[in-house]
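Protein chains in written order, with the UniProt record's numbering: chain A, 1 to 461; chain B, 1 to 461.
Honestly, I wouldn't trust all of these hints.
[Claimed, not checked] Partner residues aside, some chain A positions facing chain B, computed with beta carbon under 8 Å:
#, residue
1, Ala44
2, Asp68
3, Pro248
4, Ser299
5, Ala373
6, Arg423
Simulated from the structure, these hints should not be mistaken for lab results. Glycine included, each C-beta is placed from N, C-alpha and C at the ideal position.
2 protein chains.
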Amino acid sequence: MTLNAIKRLSLAMLGLSLAGLAGAATPPNVIIIFADDLGYGDLACYGHPSIRTPHLDRMAAEGLRFTDFYAAAALCTPSRAALLTGRHAIRSGMTHRPGTRAVLFPDSPGGLPPSEITLAEALKMAGYATALIGKWHLGIHEGSRPRDQGFDHNFGLPYSNDMDRREDVPGEARFRPDPPADGWNVPLLRNEEVIERPADQTTLTKRYTEEAVRFITANRTKPFFLYLAHNMPHTPVFASEAFRGKSPRGAYGDAVEELDWSTGEVLAALRREGLAERTLVIFTSDNGPWLTEREQGGSAGLLRDGKGSTWEGGMRVPGLAWMPGRIAPGVTSEAAGTLDLFPTALALAGQPSPAGVTLDGTDLSPLLFAGRAPPERPFFYYRGSDIYAVRLGPWKAHFFTQGGFGDPARKAHAPPQLFHLARDPSEQFNVAADHPDVLARLRTAVAAHQAAVVPGEPQLQ
Amino acid sequence: MTLNAIKRLSLAMLGLSLAGLAGAATPPNVIIIFADDLGYGDLACYGHPSIRTPHLDRMAAEGLRFTDFYAAAALCTPSRAALLTGRHAIRSGMTHRPGTRAVLFPDSPGGLPPSEITLAEALKMAGYATALIGKWHLGIHEGSRPRDQGFDHNFGLPYSNDMDRREDVPGEARFRPDPPADGWNVPLLRNEEVIERPADQTTLTKRYTEEAVRFITANRTKPFFLYLAHNMPHTPVFASEAFRGKSPRGAYGDAVEELDWSTGEVLAALRREGLAERTLVIFTSDNGPWLTEREQGGSAGLLRDGKGSTWEGGMRVPGLAWMPGRIAPGVTSEAAGTLDLFPTALALAGQPSPAGVTLDGTDLSPLLFAGRAPPERPFFYYRGSDIYAVRLGPWKAHFFTQGGFGDPARKAHAPPQLFHLARDPSEQFNVAADHPDVLARLRTAVAAHQAAVVPGEPQLQ
Numbered sequence: 001m002t003l004n005a006i007k008r009l010s011l012a013m014l015g016l017s018l019a020g021l022a023g024a025a026t027p028p029n030v031i032i033i034f035a036d037d038l039g040y041g042d043l044a045c046y047g048h049p050s051i052r053t054p055h056l057d058r059m060a061a062e063g064l065r066f067t068d069f070y071a072a073a074a075l076c077t078p079s080r081a082a083l084l085t086g087r088h089a090i091r092s093g094m095t096h097r098p099g100t101r102a103v104l105f106p107d108s109p110g111g112l113p114p115s116e117i118t119l120a121e122a123l124k125m126a127g128y129a130t131a132l133i134g135k136w137h138l139g140i141h142e143g144s145r146p147r148d149q150g151f152d153h154n155f156g157l158p159y160s161n162d163m164d165r166r167e168d169v170p171g172e173a174r175f176r177p178d179p180p181a182d183g184w185n186v187p188l189l190r191n192e193e194v195i196e197r198p199a200d201q202t203t204l205t206k207r208y209t210e211e212a213v214r215f216i217t218a219n220r221t222k223p224f225f226l227y228l229a230h231n232m233p234h235t236p237v238f239a240s241e242a243f244r245g246k247s248p249r250g251a252y253g254d255a256v257e258e259l260d261w262s263t264g265e266v267l268a269a270l271r272r273e274g275l276a277e278r279t280l281v282i283f284t285s286d287n288g289p290w291l292t293e294r295e296q297g298g299s300a301g302l303l304r305d306g307k308g309s310t311w312e313g314g315m316r317v318p319g320l321a322w323m324p325g326r327i328a329p330g331v332t333s334e335a336a337g338t339l340d341l342f343p344t345a346l347a348l349a350g351q352p353s354p355a356g357v358t359l360d361g362t363d364l365s366p367l368l369f370a371g372r373a374p375p376e377r378p379f380f381y382y383r384g385s386d387i388y389a390v391r392l393g394p395w396k397a398h399f400f401t402q403g404g405f406g407d408p409a410r411k412a413h414a415p416p417q418l419f420h421l422a423r424d425p426s427e428q429f430n431v432a433a434d435h436p437d438v439l440a441r442l443r444t445a446v447a448a449h450q451a452a453v454v455p456g457e458p459q460l461q
Numbered sequence: 001m002t003l004n005a006i007k008r009l010s011l012a013m014l015g016l017s018l019a020g021l022a023g024a025a026t027p028p029n030v031i032i033i034f035a036d037d038l039g040y041g042d043l044a045c046y047g048h049p050s051i052r053t054p055h056l057d058r059m060a061a062e063g064l065r066f067t068d069f070y071a072a073a074a075l076c077t078p079s080r081a082a083l084l085t086g087r088h089a090i091r092s093g094m095t096h097r098p099g100t101r102a103v104l105f106p107d108s109p110g111g112l113p114p115s116e117i118t119l120a121e122a123l124k125m126a127g128y129a130t131a132l133i134g135k136w137h138l139g140i141h142e143g144s145r146p147r148d149q150g151f152d153h154n155f156g157l158p159y160s161n162d163m164d165r166r167e168d169v170p171g172e173a174r175f176r177p178d179p180p181a182d183g184w185n186v187p188l189l190r191n192e193e194v195i196e197r198p199a200d201q202t203t204l205t206k207r208y209t210e211e212a213v214r215f216i217t218a219n220r221t222k223p224f225f226l227y228l229a230h231n232m233p234h235t236p237v238f239a240s241e242a243f244r245g246k247s248p249r250g251a252y253g254d255a256v257e258e259l260d261w262s263t264g265e266v267l268a269a270l271r272r273e274g275l276a277e278r279t280l281v282i283f284t285s286d287n288g289p290w291l292t293e294r295e296q297g298g299s300a301g302l303l304r305d306g307k308g309s310t311w312e313g314g315m316r317v318p319g320l321a322w323m324p325g326r327i328a329p330g331v332t333s334e335a336a337g338t339l340d341l342f343p344t345a346l347a348l349a350g351q352p353s354p355a356g357v358t359l360d361g362t363d364l365s366p367l368l369f370a371g372r373a374p375p376e377r378p379f380f381y382y383r384g385s386d387i388y389a390v391r392l393g394p395w396k397a398h399f400f401t402q403g404g405f406g407d408p409a410r411k412a413h414a415p416p417q418l419f420h421l422a423r424d425p426s427e428q429f430n431v432a433a434d435h436p437d438v439l440a441r442l443r444t445a446v447a448a449h450q451a452a453v454v455p456g457e458p459q460l461q
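The shape of chain A in the complex, shown without the other chains (with noise of 0.2 Å):
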């Protein structure tokens, strides 16, 4: 059977399962709020000092925080083709290898398979409406766009803010909010068209979510699957007029502070429609933040290096999970991340996961809303293709280190190095030594992993 005709099959038999739900209660919403570039630093509630984030904190102490939530990547195209799948980047192709870019670019090829089945496509064939609004890259090319991948709707960029950049707008012009003067030539969609090129970014976050109250006051009668992927805080950091400048973090906070208040608009447009009890909404990040971006680009917090690299500054992100009534406000430092929202939807809304597909989460709905933690299951640090490092319980083993960006080579660990996180956040004590037994259980688990996973068809060039 090919992938494509796997997929069929299994969407088919999501579409009977809805079949037998005919009649029954309307499935919560799903939406998820997804900051690009933004560090596990950069929220007050997460213990910035100087970005003001009042709704997310809000919603935190409504919900529950995740101290140890995770992106599936460290860099934006794997991230996000591995949080729509529900499987490791690798599975579609959608990871670099030695010699290939480590993203999508405006010229590249490739895109996310035809035949993995994203959320949205799950969702829908379960009834959903679906909206991808804000950023994609995960292709441009048919059969990869987001109404080929199961979104009803789409608005937003088809990759990063940062591509496109203008060659004849100089230096530290490029970055003054002055559209069509800024200097990057994106181009702004609705669905497979070009309504703005460039995209007016200072103007982005507001109009993503007025696109998304939009969406769920006219979705508010069924059920609906909202991602609300950000372009912003990604360098070139912008905002609108009523953010720009009033930070005292800077631009950078500027964008997260108008995200901040994005958050606070998504909220009461759930609580003024009703829905807030029966809508699921996620707040994190696809990665850690841009270090190299000086004061353009965040902050880990405690955590060691950023985006692009397999220390937790890379990967660890925020992780805010909000639903009045249903999940208690609380803080929880059960490790868990992006590969859990896909089975955890598809929970909520009461479907079975695609057959023929292998997935690399596990449904959140127990911790979520009953306190029960998740069993305890290994996640896989890659970079690329590879495998860097291995997180079970606690202890966190790296076979390779490398920082984020300008550090071009990777080191070999033999042993690995160990570190254990709750005692050391911020991996400075490599215990390995003293652990044996543990790196047996970790190499254990990554020889499981790597025995089984079979490869997607590359994607990346």
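With chain A held as given, fit chain B onto it using these hints.
Frame of chain A, contents of chain B only:
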């Protein structure tokens, strides 16, 4: 007029002022809870992922959380001298100079001079019951002891819990919670009497807490000042049986989580006695985390360096202010610190500042009770007797930099290194070249301070 004569006159005037208030309502109580070597990043409400501090988080949510709160020095002895006198430690001679030790040791001849007016003395003259429960570290000789400096009563260790080290107990065994066989021979005092030696450090926090609750209960009908100066989480970290081995963060986390419990007990006692709305409670730390102590040391979060250093991590610490009904819940990024506690407490007590005494802080009452920012004022980062750095508004200039410990030499900077602490809280990007005007203002502030400051007779040898 000698210093002692000034002190006598000042105290007499405080007494007259009190007489004038006869019949007025009971002034509010003041409690300062002072952790030892607790880092900026070590509480959940400041972003720590694996130390659980629900009571302090609740105190923060009910009160005012400071993002920019400073200890007055990066080491125990000068920090404590400054807090209790409201004056930079150089004024009382409690700072090191080249060739001297950095803090008081058990064999040190010096101590806080009798001529200094402590907050305990000032409040005692205003009719307050006063107690030190916990660590002193301002001298063990007559004239410098707690009861010589205004405390009616004291219970605790005379100095740090890692002093009086037992050389007969080898290496790691020193840290085992097996009293009296652990590795330190520190005495526990009640007033001037040694009541236990070595002190059982595992139950110190517990016993300090019980003593604090007894003091509160016993003084429910009169104003009181409680200085609850914990010995934890200064290495060697110990916790009582209920906390030992419980924190995911290990032994350090056990100690901090017991401090969290302790703070919860104090606030509960205030509520129980009906005193919550007329007691100002401050929670803070004497300096940043001791980074060279590996897992026995804490975390400065996103701040640079730690204890001993004038980078932010050495002196910026958690700061919480709580007084339900008087202090509105919130977060402030106004710069403030332990130097402000003396004038704030006196204002709360309705007392003028002692005549003829130069104070270095500002009354925070307008900020605490009305949300009004204090006037912009410089903050001086002393290392020993030298000013290494200065802050004014968001700007910080470093004239010298040096790591906390194990960094033998200071580096002089001409021009000074300049950082914008709100935009760059981790002090990564020196922007001195772009802001000569700011540097000039900062230099002027230092020059004005140095022209006026009168160093006290040196106490450290």
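Which earlier hints can't be squared with this structure?
Number 5 only.
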